[in-house]
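**Q** Assemble the whole structure, with the sequences as input and the hints as a guide.
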Amino acid sequence: MKALPALAGVLLLACVSAAHARFFIPKDTLLVFGMYERDSYAAEASYGLRRDWSVTAGWQRDRADDGDTVREYTYVRANWLLHRRGEGGWIRNLYLFGGPAWVRSNALDHGDEPGLQLGIWGDYETRRVYLKASLQTFWNEEFSQTTQTLQALWAPYAAEYGGIASWIGVQLQRRNGLSDATQVAPRRRFFQRRWWIDIGVGVNSEHRGSVFFDAMYLF
Amino acid sequence: MRSVKRLFAVLLLCGFSGAALAASTIKLDVEGLVCAFCGSAIEKKLKTRAEVQDVLVSLERRLVAIGLKPGADISDEVLKAEINDAGYRVKAIERTDQPLSDLRAGLESRK
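As you go down the protein sequences, you meet chains A and B in turn. For the first sequence, the numbering used here begins at 1166 and goes up steadily by one. For the second sequence, the numbering used here begins at 2 and goes up steadily by one.
Don't read these hints as lab results, they were simulated from the structure. What you were told as hints is all true, and nothing was included just to trick you.
Which stretches of chain B does chain A cover? Using the computed rule of at least three CB atoms under 8 Å from a CB of chain A, they are:
id, region
1, 29–36
2, 52–61
3, 79–87
Note that CB positions come from ideal geometry on N, CA and C, so glycine has one too.
**A** Right under this line is the structure:
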């Protein structure tokens, strides 16, 4: 029982959000997301049930810096928009998310086991500035893996709707329990109407020049 | 017989003027409309409505403008609910005779 308050404390302390974008999903809208980098791949489909609730089904594969340990997560998740406020030219969001996960790893005794995913995410956005902080944790009986992410982006110009929005910025990410290195990833973001692409290069003490690619599409 | 024709003509004119007074465009001032992704969700949602001919989104003016089909209208409550489902709050609603195409041309000329 002591674990629950501790978990809540950790989540709240760690500002908000997950390793990849899982931002606001409007009601009756489907969002698909894919991410690729050398040691991590992910694919998700999310659907907006209500203004403040959405569900996600996804798969994620991570490889440790040792090059041998591999973990795969297959999960479903509920995403709760706890807070959203927009005035004038800015908007901010706070989300909690979580759900069951099936964990498969060559480091597990039985190969695969049930687990749990929990996370918190917060962002602030204007037409020229985007800030995000998140924490995402996968747990099972044998290990936990926590990804902390901070992201700051700036748009050289305020794109109008229908035009291509161009952003530049940096992401700091730390994946405890798998790789304890902090990754610094300069990134470029482009989006227009229904599609969104992030490209960049991740750099940490173990790997240099690891290219990554994120893409989203809103149906 | 002449008075009947006059009455018919007056009624006809009233009918035309009534149609001319009906708003052809609804302009929504939307709080916090900063992102194209969310703008596209609003556009998609509104375009599924039978009353809607076209939708214009301007992030710069935080504006969502709805071009209505002739004689159609959407209540303020329904509009607020649609925008709320898309994640935003409507600050003000204005009905105007200005065609959506004029509004679009005006915005593009300011670029």
